[in-house]
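Given the structure of chain A, go ahead and fit chains B and C onto it with the hints provided.
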Amino acid sequence: MEPQEAIIKKILEIPTASLSDALDDVGIRGFMDHSIKLRTCDVKIVGPAVTVKDRIANRKVTPIKALEVIENAPLGAVLVRSIEDVSGDEAANIALFGGVMAQASKVKGLSGAVLDGGLRDLAECKTLAFPVFSRSVTPSTSVGRTEVVGVNVPIVCGGVLVKPGDIIVGDLDGVVVIPKEKLREVVERALKIEETEKKMTAELTKSTSILSVIKKYSRL
Amino acid sequence: MEPQEAIIKKILEIPTASLSDALDDVGIRGFMDHSIKLRTCDVKIVGPAVTVKDRIANRKVTPIKALEVIENAPLGAVLVRSIEDVSGDEAANIALFGGVMAQASKVKGLSGAVLDGGLRDLAECKTLAFPVFSRSVTPSTSVGRTEVVGVNVPIVCGGVLVKPGDIIVGDLDGVVVIPKEKLREVVERALKIEETEKKMTAELTKSTSILSVIKKYSRL
Amino acid sequence: MEPQEAIIKKILEIPTASLSDALDDVGIRGFMDHSIKLRTCDVKIVGPAVTVKDRIANRKVTPIKALEVIENAPLGAVLVRSIEDVSGDEAANIALFGGVMAQASKVKGLSGAVLDGGLRDLAECKTLAFPVFSRSVTPSTSVGRTEVVGVNVPIVCGGVLVKPGDIIVGDLDGVVVIPKEKLREVVERALKIEETEKKMTAELTKSTSILSVIKKYSRL
Chain A
1 MEPQEAIIKK
11 ILEIPTASLS
21 DALDDVGIRG
31 FMDHSIKLRT
41 CDVKIVGPAV
51 TVKDRIANRK
61 VTPIKALEVI
71 ENAPLGAVLV
81 RSIEDVSGDE
91 AANIALFGGV
101 MAQASKVKGL
111 SGAVLDGGLR
121 DLAECKTLAF
131 PVFSRSVTPS
141 TSVGRTEVVG
151 VNVPIVCGGV
161 LVKPGDIIVG
171 DLDGVVVIPK
181 EKLREVVERA
191 LKIEETEKKM
201 TAELTKSTSI
211 LSVIKKYSRL
Chain B
1 MEPQEAIIKK
11 ILEIPTASLS
21 DALDDVGIRG
31 FMDHSIKLRT
41 CDVKIVGPAV
51 TVKDRIANRK
61 VTPIKALEVI
71 ENAPLGAVLV
81 RSIEDVSGDE
91 AANIALFGGV
101 MAQASKVKGL
111 SGAVLDGGLR
121 DLAECKTLAF
131 PVFSRSVTPS
141 TSVGRTEVVG
151 VNVPIVCGGV
161 LVKPGDIIVG
171 DLDGVVVIPK
181 EKLREVVERA
191 LKIEETEKKM
201 TAELTKSTSI
211 LSVIKKYSRL
Chain C
1 MEPQEAIIKK
11 ILEIPTASLS
21 DALDDVGIRG
31 FMDHSIKLRT
41 CDVKIVGPAV
51 TVKDRIANRK
61 VTPIKALEVI
71 ENAPLGAVLV
81 RSIEDVSGDE
91 AANIALFGGV
101 MAQASKVKGL
111 SGAVLDGGLR
121 DLAECKTLAF
131 PVFSRSVTPS
141 TSVGRTEVVG
151 VNVPIVCGGV
161 LVKPGDIIVG
171 DLDGVVVIPK
181 EKLREVVERA
191 LKIEETEKKM
201 TAELTKSTSI
211 LSVIKKYSRL
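So the protein sequences, as listed, match chains A, B and C. Taking the numbering used here, I'd label the letters of the first sequence as residues 1 to 220. Taking the numbering used here, I'd label the letters of the second sequence as residues 1 to 220. Taking the numbering used here, I'd label the letters of the third sequence as residues 1 to 220.
Extracted from the complex, chain A is given alone in its bound form:
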């Protein structure tokens, strides 16, 4: 059986759009809410999720637990953090990640971070060229607003269930979650979709009849 590293390498060549379609094919909504966008640099991410679950709180707790997750994450992991008991709109006014976490994540070799909430220290994260997907950018800290209530537990991020070890893929189109138990199946389907698309694109540039090409491949 193929090792996970080989599969991750393949996914680097597959757009989130085709992965989302392959997930549709197996009956799973895999794409996160469109508001969760790449904010820091134009770098595609692929890696297994490590997760941090917050809830609203008004005492000041340094998020040591979130840093422990980064410290102990496998090389290439993607940090996924969300607040369990707020709407996306409210979460957008609370930064769940910033310069110190970005530096720590980079030192530890994480692939990126995905936040159902805000990002702060955008200038610093851009300088580090560490890929962060978030709902917003805001100067406000999570300290005094939320506290960590679980690490490496299942969470909901951008409307999608994320279990530790699920494969997170993010590019310019957004973020897709592939459940780990479906990884091989989804990637195989996505590769077939990509193959058809490449043939279709090649014919489209030559042909003047779009419809005949589309009908031949009947895929959009």
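No wet-lab data here; the hints were simulated from the structure. Given the structure is predicted, the values throughout are model-derived calculations rather than measurements. It is possible that part of the hints are untrue.
Pairs involving identical chains hold if they fit within one copy or between any two copies, as the list cannot separate such chains.
[Claimed, not checked] Simulated pairs of lysine-lysine, DSS-like, Cα-Cα distance not exceeding 27 Å:
1. K199 <-> K37
2. K182 <-> K192
3. K216 <-> K37
4. K126 <-> K44
5. K9 <-> K126
Below, chains B and C without anything else, positioned relative to chain A:
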């Protein structure tokens, strides 16, 4: 009478802001919701609308009808597509346009696309430098989520009624719709607004009294 | 006592994130809603607020009062404008600032503008390189949609109370308001936060144990 091509050439020199003001003058709200923004490249678009109307559906239908609209569109047309029965927030999680449609649209000589919904394959659309205005960018397809229920019929896009042949104008400020039956009147008014603005701007850079210049032209 | 100019110079070196934390420390929410973002150029702003308060109206009034505020503003001031009786979503479809105001503001030496509403003439504002923070970009004018009902009065902008003379700070992370009566206290606290952060960052790049560094400084 001036041919439409000559009028379109003039509009290329008029910002959407002045066109929106001219539409205000004749009692029409012409600007689409601010969320519908240029996503792919910094190119102004002007052209007659061809329209595609979707509604929510959960069977998988290849949007052949949307491609037929592109295939049969007049040179320079703007594809306008929206879903009739969802909120803007929901539409933002459904891509109504992507790489294949962008390629087809480019080959067929369309000026651009305006979507009350998402765009996918952003990287590809950027490479093609095809101008697309949309509410969002998302990897999810419309296939299995919506189906085309009308082509070249009146639709509502970004809160504005768009009839086939209405002139769509989009720039960095957003999208404006000029009803075809008001085209001459609106463009004439907009040109006068532009003329005043240019004089005012010239004086403003020379004068230290903003107010006297503004009062002279009483226009903002 | 330090003159205000000296304090403003110091603030230019302090990110909004640390100012927001310092405001948290003294019990004040200082950050505006995340939707109010820098739209025109990547320039940090710091300056005392001059304010314009609008309300919804449907008669056409040239906003002479808003221009008087610009004409009479002290050098380096920041124009803050909001509409008192609408939601942020509705305000986003009304431009409260555009090319003429940007030119006037630049000639008069203002530092920038912050709008709880839309911006228009984005291309022109980019050319002028005048920093504008707004909820949106839209071609629609405020003329005929709102009228000015107060100048240099307290207003609420992005969910935060702004009194004339309060210090407005905006950067890539967003906008923070420092009440004038708290200025010295907040800046002192923010400078201490910055000092700790710099030490921590320096150690983080050397150390492999993030946690030990964080625990030492216990600050994120």
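(request) Run the structure past the numbered hints and jot down the numbers of the failing ones, going up. (result) 1 and 3
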